[in-house]
Amino acid sequence: MKVIFCFVKVQQGREPADVDFCSITIDGSSDNNILQQRLHSVASQREELQQMEIELRAQIIVGSEIMEMQSSFDAQVKEHTNANVKLQEELHEMEKTIHEIERKMEEKDRELHAIKLDNEAAWAKEDLLREQNKELQTFRVMQSIRSSMKSKFKEVVIFGN
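Under the working numbering, residues 1 to 161 are what the sequence shown spells out, in order.
Bear in mind the hints are in silico, worked out from the structure with no lab data behind them. Please read these numbers as outputs of a predicted model, since none were measured by experiment. Possibly wrong hints are sitting among the right ones.
Each computed DSBU-like pair below joins lysine-lysine, with the alpha-carbon atoms no more than 30 Å apart [unchecked claim]:
id, residue 1, residue 2
1, LYS125, LYS108
2, LYS134, LYS150
3, LYS96, LYS108
4, LYS116, LYS134
5, LYS96, LYS78
6, LYS104, LYS116
7, LYS134, LYS152
8, LYS104, LYS86
9, LYS96, LYS86
Start from the sequences and build out the full structure, keeping to the hints where you can.
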């Protein structure tokens, strides 16, 4: 019977993690097949562990990337929210400005209407004065004609006698 001692070094990533000591007993009667099966079983377990390691590393990387994406998304949402608030404030200010301008326009419309009424009244007075001036002119002409006729009449009366 032979006993073989071996050291098995287990690595985690690039760093050695553990060293295991094992002994394998080989007797002449045992079949090499059992050792082959054990070797195959250990190799399969090693492959499964390596696959699990790959999957776990991938999950860690993906989890980290998801956290970065979530953080970026949260920052964008916050940025958009702040921009939205700023735009709403600007809109509110613009609406206030528009209302103020509308109020001033209404005030100017009232002033313009009052000026139009004053102008119409002034034009009416001007028309009235023109009419009165015409009547006065007519009256003066008539007075002048009467006066002239009176003096002619007096002359006729004086000469006629």
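To see whether the hints hold, each was checked on the structure:
A C-alpha spacing of about 25 Å is found between LYS125 and LYS108, which places the hinted pair at or below 30 Å, so the restraint holds. The straight-line distance between the Cα atoms of LYS134 and LYS150 is roughly 24 Å, inside the 30 Å bound, and the hint therefore holds. Taking the CA atoms of LYS96 and LYS108, the gap is near 18 Å; set against the 30 Å cutoff, the hint holds. The straight-line distance between the Cα atoms of LYS116 and LYS134 is roughly 26 Å, inside the 30 Å bound, and the hint therefore holds.
Only pairs whose Cα atoms come within 30 Å are accepted, and LYS96 paired with LYS78 is accepted, the gap being roughly 27 Å. Note on LYS104 and LYS116: the hinted pairing holds, with a Cα-Cα distance of about 18 Å set against a maximum of 30 Å. As the CA atoms of LYS134 and LYS152 are separated by approximately 26 Å, the hinted pair is consistent with the 30 Å bound. Taken as a hint, the LYS104 and LYS86 pair is honoured in the structure, with Cα atoms around 27 Å apart against an allowance of 30 Å.
Taken as a hint, the LYS96 and LYS86 pair is honoured in the structure, with Cα atoms around 15 Å apart against an allowance of 30 Å.
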